[in-house]
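There are 2 protein chains.
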Amino acid sequence: MNLELRKIQLEDWFTSLRDQICTVFETLETECLHPYLLPGQFQRKAWTRHDPTQENGNGGGGVISLMNGRVFEKVGVNISTVWGQFDQKFAAEIPGAAEDPRFWAAGISLVAHPLNPYVPIVHFNTRHIITSKGWFGGGSDLTPTIEFIEDKEDFHNAFRAGCNKFDENYYPKFKLWCDEYFYIKHRREPRGVGGIFYDYLDSGDFQKDFDFTKEVGQNFLDIYPKVVRRHYQKPWGTEEKQQQLTKRGRYVEFNLVYDRGTRFGLETNGNVDAILMSLPPVATWS
Amino acid sequence: MNLELRKIQLEDWFTSLRDQICTVFETLETECLHPYLLPGQFQRKAWTRHDPTQENGNGGGGVISLMNGRVFEKVGVNISTVWGQFDQKFAAEIPGAAEDPRFWAAGISLVAHPLNPYVPIVHFNTRHIITSKGWFGGGSDLTPTIEFIEDKEDFHNAFRAGCNKFDENYYPKFKLWCDEYFYIKHRREPRGVGGIFYDYLDSGDFQKDFDFTKEVGQNFLDIYPKVVRRHYQKPWGTEEKQQQLTKRGRYVEFNLVYDRGTRFGLETNGNVDAILMSLPPVATWS
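Quick note, the sequences are listed as chains A and B, same order. Going by the numbering used here, the letters in the first sequence line up with residues 194 to 479, in that order. Going by the numbering used here, the letters in the second sequence line up with residues 194 to 479, in that order.
The list makes no distinction among identical chains, and a pair is therefore deemed to hold if it is satisfied within one copy or across any two copies.
Calculated lysine to any residue pairs in the SDA-like style (CA-CA distance at most 25 Å, straight line):
(1) Lys238 x Lys378
(2) Lys282 x Asp452
(3) Lys282 x Arg456
(4) Lys378 x Gln281
The set of hints was computed from the structure by calculation and includes no laboratory data.
All chains, please: the whole structure from these sequences, using the hints.
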């Protein structure tokens, strides 16, 4: 298939998924009643990426959709399409970039920090990267403040079912990868209850891998709103809120100390608003 | 001078400085009036460090003094004396450790997060490290939410005067080092208004270098309480508070992404409570 056509299809998918997610999340805002807070609506902010190696310095860019609402105290959904050349230091670490430093990447990234401490934080991301090779990556993981076994099970089962449509080996492999990746080493505790994480996915069949990545997006869109609806009207008090704020502190620790995407972005002059969109609206440390 | 005697003198100094600082800070708590918050008092918590290379695994430890008060929403003062062997990876980066991986280190570290947004955050730290070499390091820097030129000037002047008692080259060198070190690269903004930062200080005269490090402690003890008293009773509103919480978010970003001590501590299995004592009680991100 023509590479330029692929790029268009990829970007279209990430954009369309962003639109679907925003619509569903705004519906959650409308449904969930609150004595005085109004339902939130996403605000969009476009950003551009300067790349000195490109014509007119045009290295692509993205759009952040941010909402501060009554279900989601803060949720950011970022889509981006960027291109340019990796510098030597990074090229060595990126598949297919040592031969040729040029890259193209598109993806979607989301972190939701709910207001209600009973509603788990969620992270979702999928992306496609093209160097002299091409691959998909992404995943989704759940971080409850107060754990409910059915949330964890249903969340995992959704992605397990999605994985199993493509390859029986995917779920066990990607679940383990998620558990190992989202681990706060200095606290000796996992960030949350896991999910799936995959990277460097290139089976040799682009369409199959793309369909899998679409499936992961669909799984997220199916399961997370269900989990939200289970809890979003539950009454909560100062104690649960304090637990949530502490959990969010841990989330900050993971993202700033360990998260590869965050550190990579900060070190490569990425868009700070997009990279740090994942940080909670409020967090506490004792 | 006998090395063991030196170690005792160093540890005694850091302990005595800790006591002086805690006394002065508790006095600030008592002086500053508040309609309902009681003056804070430091609570102490000892911790031990396990080192598999040492007899009985005894790698030293420390004491955290933590206070949540009405001047200082959160202030931590940590003293520690630790010893053991650097692993190969770190030994390569530490002066005198490639030859012999054994080390001994003692120091004091403090971060204060005031309640009143007009009172600047402060960081102060001094330490002595012994490998096959021996050196002092430390410094202090001020991070106001709302800048007052006289705070910056008086803070710098205190350390400049201290430096000039020892070497005319110290202040310009250590001020620049501080500006370069406490810089939030991804935000393209300094963490605060600076101060001094020094490391690997070994003039060949241990007593002179130790006296300088004592002077830096004394400078901190002289100037910071003056700055606090200037502002601690000032009325403030939600807007100043929000500015402060945002500034604290930046402080978290610096400490978790860039601070060498924090990252070194987290990566070497240090005491998490002591290392992350610097994090604010509450912080926000928009």
